[in-house]
Every structure is written in C-alpha cells, then in structure tokens.
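S.K.: Sequence:
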Amino acid sequence: MDLTMGIAAMSMSLSQASLQSEVSLKVMDKTMDAASSQAAQLISDFSQNAKVPFGTPGYFFDARA
916 MDLTMGIAAM
926 SMSLSQASLQ
936 SEVSLKVMDK
946 TMDAASSQAA
956 QLISDFSQNA
966 KVPFGTPGYF
976 FDARA
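Per this note's numbering, the very first residue in the sequence shown carries number 916; after that it's consecutive.
Simulated from the structure, these hints should not be mistaken for laboratory data.
C-beta: ideal position from N, C-alpha, C; glycine also.
Heads up, a few of these hints could be off.
Label pairs and their computed distance ranges (CB to CB) [as the list claims (entries may be wrong)]:
hint : residue 1 : residue 2 : range
1    : Gln935    : Tyr974    : 30 to 38 angstroms
2    : Ile958    : Gln935    : 30 to 38 angstroms
3    : Met943    : Tyr974    : 45 to 53 angstroms
4    : Ala924    : Ala954    : 42 to 50 angstroms
5    : Pro972    : Ala950    : 55 to 63 angstroms
6    : Arg979    : Ile958    : 43 to 51 angstroms
7    : Ser933    : Gln953    : 27 to 35 angstroms
8    : Arg979    : Ala954    : 30 to 38 angstroms
Using the sequences plus the hints, can you model the full thing?
M.R.: So, in structure tokens, the structure goes:
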C-alpha cells in the first residue's frame, strides 16, 4: 500500500504543478495582450500629425535657424 500511496501522491503533485503552469501561462498571455494593445494605441497616438491652422503661431517652423 505504501508504494501505491506514493504513486498517487506524486500523480496529484504533478497534476497540481501542471495546472499551476497552465494558469501562469494564461495570465502571462493576457498580460502580453494588454501590453500589446497599449503599445499599439501609443504608436497610433504618436503617428497622428498635429493639425495647426494656417496663420497661427507655430504653423511655420524654420529648422535652420
């Protein structure tokens, strides 16, 4: 009986470890999806050009000055 109990205990332990690993991967996947979405939004915000109406200060910019 001792060997059978040891095998059962080891099986339960491996099952719990597998479940913990699976949950950790799912949480990391969700975190990476959220970070990717935030990065895409940030890039989108930076890529939009600022529209300044003609004739307002800042419309012309002399980079050689």
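S.K.: State for each hint whether it applies.
M.R.: A quick look at each hint next to the structure:
At about 59 angstroms, the CB distance of Gln935 to Tyr974 disagrees with the hint of 30 to 38 angstroms. Between Ile958 and Gln935 the C-beta distance comes to about 35 angstroms, which sits within the given range of 30 to 38 angstroms. Range check, Met943 to Tyr974: Cβ separation about 47 angstroms, and the 45 to 53 angstroms hint holds. Range check, Ala924 to Ala954: about 45 angstroms between beta-carbon atoms, so the 42 to 50 angstroms window is met.
For Pro972 and Ala950, the Cβ-Cβ distance of about 38 angstroms falls outside the hinted range of 55 to 63 angstroms, so the restraint is violated. For Arg979 and Ile958, the Cβ-Cβ distance of about 30 angstroms falls outside the hinted range of 43 to 51 angstroms, so the restraint is violated. For Ser933 and Gln953, the Cβ-Cβ distance of about 31 angstroms falls inside the hinted range of 27 to 35 angstroms, so the restraint holds. For the pair Arg979 and Ala954, the beta carbons lie near 35 angstroms from each other, so the given range of 30 to 38 angstroms is met.
The structure fails to meet hints 1, 5, 6 from the earlier list, while all remaining hints are met.
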